[in-house]
Amino acid sequence: MKFLYKILLCTIIIMAAAFGISGYFFVNFVFESALEREVAQALDGSSILRFAFETAALNIPTKYNVLQDAAVRQIGARLESSGQNTGRCLRLSDEGRNSIYTSEGFSEDTALLQQIGPETKVWTIASHGDRYYIHTGIVVNALDRALYLETLEDVTEVFEERSMGFSVYRRVTLAMLACSGMVMLFICVWLTKPIRLLANATKRMAAGEYGYRAKRISNDELGQLTTDFNSMANVLEETIHELKEEVRAREDFIAAFAHELKTPLTAIIGYADMLRSRKLDEEKHFLSANYIYTEGKRLENMSFRLMDIIVTRREVLEVQPIEAKTLFEYLRGVFAENKEQKIRMSVQSGTVYGEPNLLKSVLVNLMDNACKASREGGMVKLSGKRMENGYAFEVRDYGVGIPEEELKKVTEAFYMVDKSRSRSRNGAGLGLALCVEILRLHGSELDIRSKVGEGTCVSFVISGHGPGAGGKGAGAEAADVEAAAAAGAEPGA
Amino acid sequence: MIKILIVDDEKPICDLIDMNLSAAGYHCRTVQDGLKAIDLIEAENFDLILLDIMLPGADGYDIMEYIRPMKIPVIFITAKHEVKDRVKGLKLGAEDYLVKPFDVVELIARVEVVLRRYNKTDSILSAGDVVVDVDARTVTKAGKQIILTNKEYGLLVLFLRNKNIALFRENLYERVWGDEYLADSRTLDLHVQRLRRKMGWEENLVAVYKVGYRLEI
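Sequences listed follow chains A and B, in order. Our numbering runs 1478 ahead of the 1-based position in the first sequence. Heads up: the second sequence at position 200 corresponds to 189 in our numbering, and the numbers run straight through without jumps.
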């Protein structure tokens, strides 16, 4: 059952009970006070009758002051007829409580008669068929006799009024319930609107419409709930978006990986197939074998790089202070053989905190990329600067540059701006992806600025403070030692 | 002579296809860049284009759009193996779609099929003094007609189309009999022996150890 109808039904039940009970008590109260009045009247009436009877008894000529039964009957008849228009009935009984005079239609019931005592007036409500009466009893002392006088007063009207009251009240109650039910319905609809809006929002979100939000229409708890729900939805949407991004990146990675894997495989399989199934001349034989070798190397290289990335992703960094100079000296050694580009280094002393081999690998990668991008005889600048919170490395070349729309993608695995060029140098498109992972471990990131035709500048900052050294605001310490990352790993590739 | 353009950004693969197709008697040109490929297509007439999809310059789909009005048959050769990629390639009007890594024999077979569809294959195959007219289904040696059974004829055509290439037993069997090859089946060897005798190729049709047979001409 809908919440709306639950509220409505409960309210109606409660209202019906309240109306019913209060109505019952009200009608009954009116009835009882009316009845009380009637009883008082009936008792007064019976007192008057007694007086009338006693007066009449005194006026009857008697012998020895004895009241005969016949005289009693006579007086009774007279009293009855005098009150005929009021519909009064009476009964007179002797000392033995035997009836002497009884009006027509008086009940046979003598229960009340037995209760009448010398000084008491008694009364009861009696019913005959569908009529109600007040039955009173009283002792009459006339001459030598103590007679019992009973009267019957018709009070059907009071009872009828009561049942009429009930029926009127019932109708009024029903009408009231109908009206208030309608009003309640509207109130409930209004009150539960936020719930319906929320329910609708959850449904639409469940159906995949993550951007949908419930409208807040009240300031009560439900309004608060709506707000909370919406903020939860915001967080969820963000998370879902992130997850989707991640999945997309992963799918792209796998697709790129499969593609990168298939290309050398195709060559290897194809040439091997040729070698085994065909007689080739010496030149072709060598060419095929050489292709198998180089493509195999490329696969090997790629798998090493991938391993590096995977390992880097899992690795917990062992940070140690490194003299920046040692890193640059290492680089100088690695690139000493490179005569194609002029390499300039400007180095400030300092210390960085990091893993030396990983940092070396980053720098070698960046230098290698810079050399690949440069023309023969071009210049590659490597500089290290001490900063307030760390040590900045910058690799600048004046080569081909990277188009703006490709800038974001260059750090994705397998991405190559110029494939044929990069492949010819055995690149797998994994270098920058690896650098990003390593720098992420160091809490840093690559900053790449580039202009087509003018060159590229790649920089990153490594913290000059060890873990837990409380890096912030400790600018003065920077003067100490800042570790420069030395590029380690294999050259370029 | 049939001219084939090979477009692939990987030089090793270009060379691989080039070597094999050249050996099968086609004239090949290779190019590693999409834009250069379009220039070449404009400058020269090709009977068939083998096209990679991921290319520098213009990608394979773009080139396909460009080629379509020229009615040159195209076979896509790519590492993209998903059904939707294949469907996209075929819908663009490619004749066939070959996924890397591929077998050279399969490549040659597909090239042949496409060329035959375009009536560009030579209907005359020859090796030495043996001439086969594929349309007329006649085989002559030194001008003298030779009667071959269906299977022998199938084998002969296969050998002629893959001269100097060792053909694997499984491959031969599957393509001539159209059945799965059973490892111990002697049927193939019997047929090859009969073909050898009929054609007088005792020296030329050699068995390659553990592989199959090769026609050396």
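Quick caveat, the hints were computed from the structure, so don't treat them as lab data. Treat the hints with care, since some could be wrong.
Straight-line alpha carbon distances no greater than 25 Å define the calculated BS3-like cross-link-like pairs of lysine-lysine that follow [said to hold, decoys possible]: (1) Lys1757(A) x Lys0(B); (2) Lys1762(A) x Lys1859(A); (3) Lys1722(A) x Lys152(B); (4) Lys1850(A) x Lys1817(A); (5) Lys80(B) x Lys1740(A); (6) Lys1859(A) x Lys1886(A); (7) Lys1740(A) x Lys77(B); (8) Lys1803(A) x Lys1757(A); (9) Lys133(B) x Lys152(B); (10) Lys1762(A) x Lys(-8)(B); (11) Lys130(B) x Lys187(B); (12) Lys133(B) x Lys1757(A); (13) Lys77(B) x Lys1762(A); (14) Lys1850(A) x Lys60(B); (15) Lys1740(A) x Lys73(B); (16) Lys77(B) x Lys130(B); (17) Lys60(B) x Lys73(B); (18) Lys1762(A) x Lys199(B); (19) Lys0(B) x Lys1775(A); (20) Lys133(B) x Lys1762(A); (21) Lys1480(A) x Lys1693(A); (22) Lys73(B) x Lys1757(A); (23) Lys25(B) x Lys77(B); (24) Lys1740(A) x Lys1762(A); (25) Lys1740(A) x Lys130(B); (26) Lys187(B) x Lys133(B); (27) Lys1757(A) x Lys(-8)(B); (28) Lys1850(A) x Lys1722(A); (29) Lys80(B) x Lys60(B); (30) Lys1740(A) x Lys1887(A); (31) Lys152(B) x Lys109(B); (32) Lys1850(A) x Lys(-8)(B); (33) Lys1863(A) x Lys1757(A); (34) Lys1762(A) x Lys1775(A).
Now for the hints, and whether the structure bears them out:
Our distance criterion of 25 Å between C-alpha atoms is met by Lys1757(A) and Lys0(B), whose separation comes to about 22 Å. Simply put, Lys1762(A) and Lys1859(A) have alpha-carbon atoms about 43 Å apart, too far for the 25 Å limit, and the pair is violated. Taking the CA atoms of Lys1722(A) and Lys152(B), the gap is about 53 Å. The hint is violated against a cut of 25 Å. Note on Lys1850(A) and Lys1817(A): the hinted pairing holds, with a Cα-Cα distance of about 13 Å set against a maximum of 25 Å.
Restraint check for Lys80(B) and Lys1740(A): satisfied, since their Cα atoms lie roughly 24 Å apart, inside the 25 Å limit. For the suggested pair Lys1859(A) and Lys1886(A), the alpha carbons sit about 23 Å apart, so the restraint of at most 25 Å is met. At most 25 Å may separate the alpha-carbon atoms for a hinted pair to count; Lys1740(A) and Lys77(B) meet this at roughly 20 Å. Under the criterion of a C-alpha separation no larger than 25 Å, the hint pairing Lys1803(A) with Lys1757(A) is inconsistent with the structure, at around 57 Å.
As the CA atoms of Lys133(B) and Lys152(B) are separated by approximately 22 Å, the hinted pair is consistent with the 25 Å bound. With a CA separation close to 21 Å, the supplied pair Lys1762(A) and Lys(-8)(B) stays within the 25 Å bound. With a CA separation close to 10 Å, the supplied pair Lys130(B) and Lys187(B) stays within the 25 Å bound. Of the pairs offered as hints, the one joining Lys133(B) and Lys1757(A) is violated, with about 30 Å between alpha carbons and a cut-off of 25 Å exceeded.
Between Lys77(B) and Lys1762(A) the CA atoms are separated by roughly 36 Å; this puts the pair beyond 25 Å, and the hint is violated. Restraint check: the Cα-Cα separation between Lys1850(A) and Lys60(B) comes to about 41 Å, which exceeds 25 Å; the hinted pair is violated. Restraint check: the Cα-Cα separation between Lys1740(A) and Lys73(B) comes to about 18 Å, which is no more than 25 Å; the hinted pair holds. Of the pairs offered as hints, the one joining Lys77(B) and Lys130(B) is violated, with about 47 Å between alpha carbons and a cut-off of 25 Å exceeded.
Proximity of Lys60(B) to Lys73(B) is assessed by CA-CA distance (about 24 Å); at most 25 Å being required, the pair is judged to hold. A distance of roughly 23 Å separates the Cα atoms of Lys1762(A) and Lys199(B); the hinted pair therefore holds under the 25 Å criterion. A hinted pair counts as satisfied when its Cα atoms are at most 25 Å apart, and Lys0(B) with Lys1775(A) qualifies at roughly 16 Å. Taking the CA atoms of Lys133(B) and Lys1762(A), the gap is near 37 Å; set against the 25 Å cutoff, the hint is violated.
Straight-line distance between C-alpha atoms of Lys1480(A) and Lys1693(A) comes to about 21 Å, which keeps the hinted pair within the 25 Å bound. Taking the CA atoms of Lys73(B) and Lys1757(A), the gap is about 39 Å. The hint is violated against a cut of 25 Å. For the given pair, Lys25(B) sits about 23 Å from Lys77(B) by alpha-carbon distance, which is consistent with the 25 Å threshold. Taking the CA atoms of Lys1740(A) and Lys1762(A), the gap is about 23 Å. The hint holds against a cut of 25 Å.
Between the alpha carbons of Lys1740(A) and Lys130(B) the distance comes to roughly 44 Å, so the proposed pair goes past 25 Å and is violated. Between Lys187(B) and Lys133(B), the direct Cα distance comes to roughly 12 Å. Compliance with the 25 Å bound is thereby established for this hinted pair. Note on Lys1757(A) and Lys(-8)(B): the hinted pairing holds, with a Cα-Cα distance of about 24 Å set against a maximum of 25 Å. At most 25 Å may separate the alpha-carbon atoms for a hinted pair to count; Lys1850(A) and Lys1722(A) exceed this at roughly 34 Å.
For the proposed pair Lys80(B) and Lys60(B), the alpha carbon gap of about 14 Å is at most 25 Å, so the pair holds. Using a Cα cut-off of 25 Å, the hinted pair Lys1740(A) and Lys1887(A) holds, with the two alpha carbons roughly 22 Å apart. The hinted pair formed by Lys152(B) and Lys109(B) meets the criterion: a straight-line CA distance of about 19 Å does not exceed 25 Å. For the proposed pair Lys1850(A) and Lys(-8)(B), the alpha carbon gap of about 36 Å is over 25 Å, so the pair is violated.
Taking the CA atoms of Lys1863(A) and Lys1757(A), the gap is about 61 Å. The hint is violated against a cut of 25 Å. In summary, the hint linking Lys1762(A) to Lys1775(A) is supported, as the alpha carbons are separated by about 20 Å, within the 25 Å threshold.
Comparing the model with each earlier hint shows violations of hints 2, 3, 8, 12, 13, 14, 16, 20, 22, 25, 28, 32 and 33; every other hint is respected.
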